[in-house]
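**Student:** Could you build all of it, start to finish, from the sequences and the hints given here?
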Amino acid sequence: MKKFFSRLSAYTVVLPIVFSLIILLIGGIILSPYAQLASDFYSVFMPAHAAEQTMPPVADQTITPNMTLDPDQQAQQVKLSTIEFPTYQQYYANLRCDTIGLSVKVFWGDTNAVLRKGVGQSLSSFYPGFGRPLLMGGHNKSFLSSLANVAVGQVFILTTNYGEFEYTITGTKITTANDTSAYDLAQQKEVLILYTCYPLNAYGINAKRLFIYAEKTGGPEIVD
Amino acid sequence: MVHMNTHNNKNTKASARYPAMAVKAAAKNIASILLAFLLTVLLVLTALLLTPKFALFREQFFLERMEKVGFSDALATNIEQEYASLAIPSGFPEEVMKQAVDRNALNYDLYTYVSYSLHGEEFVIDKAALQTKLNEQFLSYAKSQNAALTEEDTSNISYLSGMCADYYAKKIYFPGVKQLSQMHIRLNSMINYALTGCVFLFLLFSFLLFFIRSTKHRALRFYISTFIGAAISIGIVPLILLLIRPQDRLNIWPDYFYDFVISCIDGILWGWLVIACFCVLISFLLNFPYRMLRENNKNR
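Sequences listed follow chains A and B, in order. 1 is the number of the first residue of the first sequence in the numbering used here; add one for each residue after it. 1001 is the number of the first residue of the second sequence in the numbering used here; add one for each residue after it.
Be careful, since some hints might not be right.
[What the hints assert, rightly or not] Example chain A residues on the side facing chain B (calculated, C-beta under 8 angstroms, incomplete):
hint : residue
1    : F19
2    : R116
3    : S142
4    : S145
5    : C197
6    : Y203
The set of hints was computed from the structure by calculation and includes no laboratory data. Everything numeric in this text was worked out from a predicted model, so none of it was measured. Cβ coordinates follow ideal geometry from the N, Cα and C atoms, glycine included.
**Tutor:** Set out below in structure tokens:
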């Protein structure tokens, strides 16, 4: 009886396990050239990598602009090390133009989600105070509808947590949506370029854009 | 018990007395093990070839999973949200934008697209007709609000309708289906030949296994090993994957597509487990003829 069971286990346990081990080993060897492919797939779709790509909810974290800053008393220079830079989709500044009654939140990034909450600043432009262009966009029928009354000489105030910046409007331009010559982000001058759809109160998706150019006329300098 | 021992002792004594017989028995055993192994390989290959045949390339497999995860409704909600996000820039209320999604038409388009694609046929969404329909809806709303529409407004609304129609079509043509369809066209006949080859070789090796063993219950013993070996080989990987579930960590966006992909992966893994269980069942059933033949052999 003992021999019967040992023989039975040899045929129902040992031999099948040996067979499957060999098959899995052969399968592994055959599939090993594709291991890199699987690894690449894993790295693309696995959360460790994806976590970097996941957008944080808009306005969940904010860098509150210092609205109590007195422009006359604020420092003329701000040390770079003291600045808290915004992350993607973070609310970090306020833009206002008292003459036309504009007051809107500014977010770092210009996704659809951001544009539902305020004005979005393009990631390919620069932070205020760095002497380089700032490109901001917003919806014409909500936050930027008051731009209908904009005029050269009016002043935009951009309030951040490290200072209040003043930009004076130097010009406007109406152009097509795909006219990339309307903004030069390589220029070595601090210009606030604000754009929205045009006409401001039309139905549908407008093919035209209104660009407003305002040069920096006040605010601290950023130093190392 | 006494009878079995006497029988085995007889064999041992015979082998010792005739070395040629022992060599022949060993050769038979090695050949049987080799054949049993080849049969196991063929069973595993058959299971793998059945996967595309009955899962990846089968329309019903996809449609059932889409139904299970509520793919169509989730997709409709996604499109509604996208349309709603155009509410502010377009000047239409969110409700008007959301109403532009016809859930019944979407359901029909989606299922027809999957069905046609998996049969290797082309299904093209009539974007122009959809754009016209959306355009009429938006214009009729604007007119109901007594808006004085300029030519520019009309053009902008037409552009909005075009955007909506493009987005709709993009979402209906969801990724992977076209590629699967192309694979289906290219591999279908190859898989059929391979399956036929596997079945033919399985029958041939089975015949050889029974042919080289004069006592049939011994051949059946190897046959049992074959099915259990195939069950382990086919079932072990899906079992581990279903227990650890690394597939749940796949970062696929949006959620409804993630649910669909996970459901398809699980479906395939469960399919392999069912095949493995089937193999175990066959090996269990083979025990009965094995015992019967063994008893008959002893009584002879």
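**Student:** Could you check if F19 (chain A) really has its C-beta closer than 8 angstroms to a C-beta on chain B?
**Tutor:** Constraint on F19 (chain A) satisfied, holds at 3 angstroms.
**Student:** Interface hint check: Y203 (chain A), Cβ to nearest Cβ on chain B, cutoff 8 angstroms. Holds or violated?
**Tutor:** 5 angstroms, holds
**Student:** Take the shortest C-beta to C-beta distance between R116 (chain A) and chain B; is it under 8 angstroms?
**Tutor:** Hint holds; R116 (chain A) Cβ to chain B Cβ min 6 angstroms, cut 8 angstroms.
**Student:** Does the interface hint hold: is C197 (chain A) within less than 8 angstroms of chain B, judged Cβ to Cβ?
**Tutor:** 6 angstroms, holds
**Student:** Classify the hint on S145 (chain A) as holds or violated, based on whether any CB of chain B lies nearer than 8 angstroms to its CB.
**Tutor:** 10 angstroms, violated
**Student:** Have a go at the S142 (chain A) hint: is there a Cβ in chain B nearer than 8 angstroms to its own Cβ?
**Tutor:** 5 angstroms, holds
Checked against the numbered hints given earlier, the structure breaks only hint 4 and satisfies all the rest.
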